[in-house]
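Asker: Sequence:
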Amino acid sequence: MREPSYLDCGNGRRIAYHQTAGKTPGVVFLGGFKSDMEGTKAIWLQDWAKAQGRAFLRLDYSGHGQSSGVFEEGCISEWAEDARAVIEACCEGPQVLVGSSMGGWISAILAREIPQKIAGIVGIAAAPDFTEDSMWGNFSTAQRAELIGEGRVALPSEYGEPYIITRRLIEDGREHLVLRDPLDFPFPVRLLQGTADADVDLSVALRLLDHATGDDIRLTLVKGADHRFSTPECLTLIGESVEQVIAAAS
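Counted the way our numbering counts, the sequence shown spans residues 1 to 250.
Just so you know, these hints were derived from the structure itself, not from any lab.
Cβ atoms here follow ideal geometry from the backbone N, Cα and C, with glycine treated the same way.
There may be inaccurate statements among the hints.
[What the hints assert, rightly or not] Once the Cα atoms are required to be at most 25 angstroms apart in a straight line, the calculated DSS-like pairs of lysine-lysine come out as:
hint: 1; residue 1: Lys117; residue 2: Lys50
hint: 2; residue 1: Lys117; residue 2: Lys23
hint: 3; residue 1: Lys23; residue 2: Lys50
[As the list claims (entries may be wrong)] Distance ranges between label pairs, derived from CB positions:
hint: 4; residue 1: Arg144; residue 2: Pro182; range: 28 to 36 angstroms
hint: 5; residue 1: Pro115; residue 2: Gln52; range: 21 to 29 angstroms
hint: 6; residue 1: Gly137; residue 2: Glu161; range: 22 to 30 angstroms
hint: 7; residue 1: Ala145; residue 2: Gln116; range: 43 to 51 angstroms
hint: 8; residue 1: Glu161; residue 2: Asn138; range: 18 to 26 angstroms
Take these sequences, add in the hints, and give me the full structure.
Answerer: Here it is in structure tokens:
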């Protein structure tokens, strides 16, 4: 496995990333909660971009993968800062952001903060505001009390060890919600959602589609696809969606 490059941020965090050169607009893959840049979608998209001769970048947020930091100490604003820092430091011109799950939320945050650096967005099972709507909103009274009193609560995960959810994560997430205030996408957007996704409900995709404003926003539903969205058919659809965004943005 090729060693990553690193960006030393002024905030003390060291962010690992892989970048390949190519034509613009480039493509940036933003992964999900507690995932890393070695996942199926990230690697497939890198190979796809290379075959297209297109610039590509994937990264690990702090506390994820090969970047510095401890996952349990991180929060949404810091992970968005990590993505923004790498994009601004390493990418030439506007980029197409491909945001998977939490990466879809981070893409929306960056659409507010640096719209001039975004050529378009492809959201894969995008999960905006999930710390409030999916986590806090579904906590039991006992879990909320534990989170407030102890500062953390453990949630079971089908992906491995339990997720440790911190009070800081929940409170920081509340400061960066994107479905409560205006959310403008002044560039082409393609949202992809599986109907068998057990982690991000279909209603989230519909809410995002209804809430966001923009002249070119489309939602594609894939019957039977789960949250991983990594079957050969789903991966092909991701590539086609990026192509659509690039064509519409040019």
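Asker: Compare the structure with each hint and give your call.
Answerer: Hint check results:
1. Lys117 <-> Lys50: Satisfied, since the Cα-Cα distance of roughly 21 angstroms is no more than 25 angstroms.
2. Lys117 <-> Lys23: 15 angstroms, holds
3. Lys23 <-> Lys50: Judged against 25 angstroms, a Cα distance of about 10 angstroms means the pair holds.
4. Arg144 <-> Pro182: 28 to 36 angstroms: 29 angstroms, holds
5. Pro115 <-> Gln52: 21 to 29 angstroms: 24 angstroms, holds
6. Gly137 <-> Glu161: 22 to 30 angstroms: 23 angstroms, holds
7. Ala145 <-> Gln116: 43 to 51 angstroms: 44 angstroms, holds
8. Glu161 <-> Asn138: 18 to 26 angstroms: 20 angstroms, holds
Hint compliance for this structure: every hint is met.
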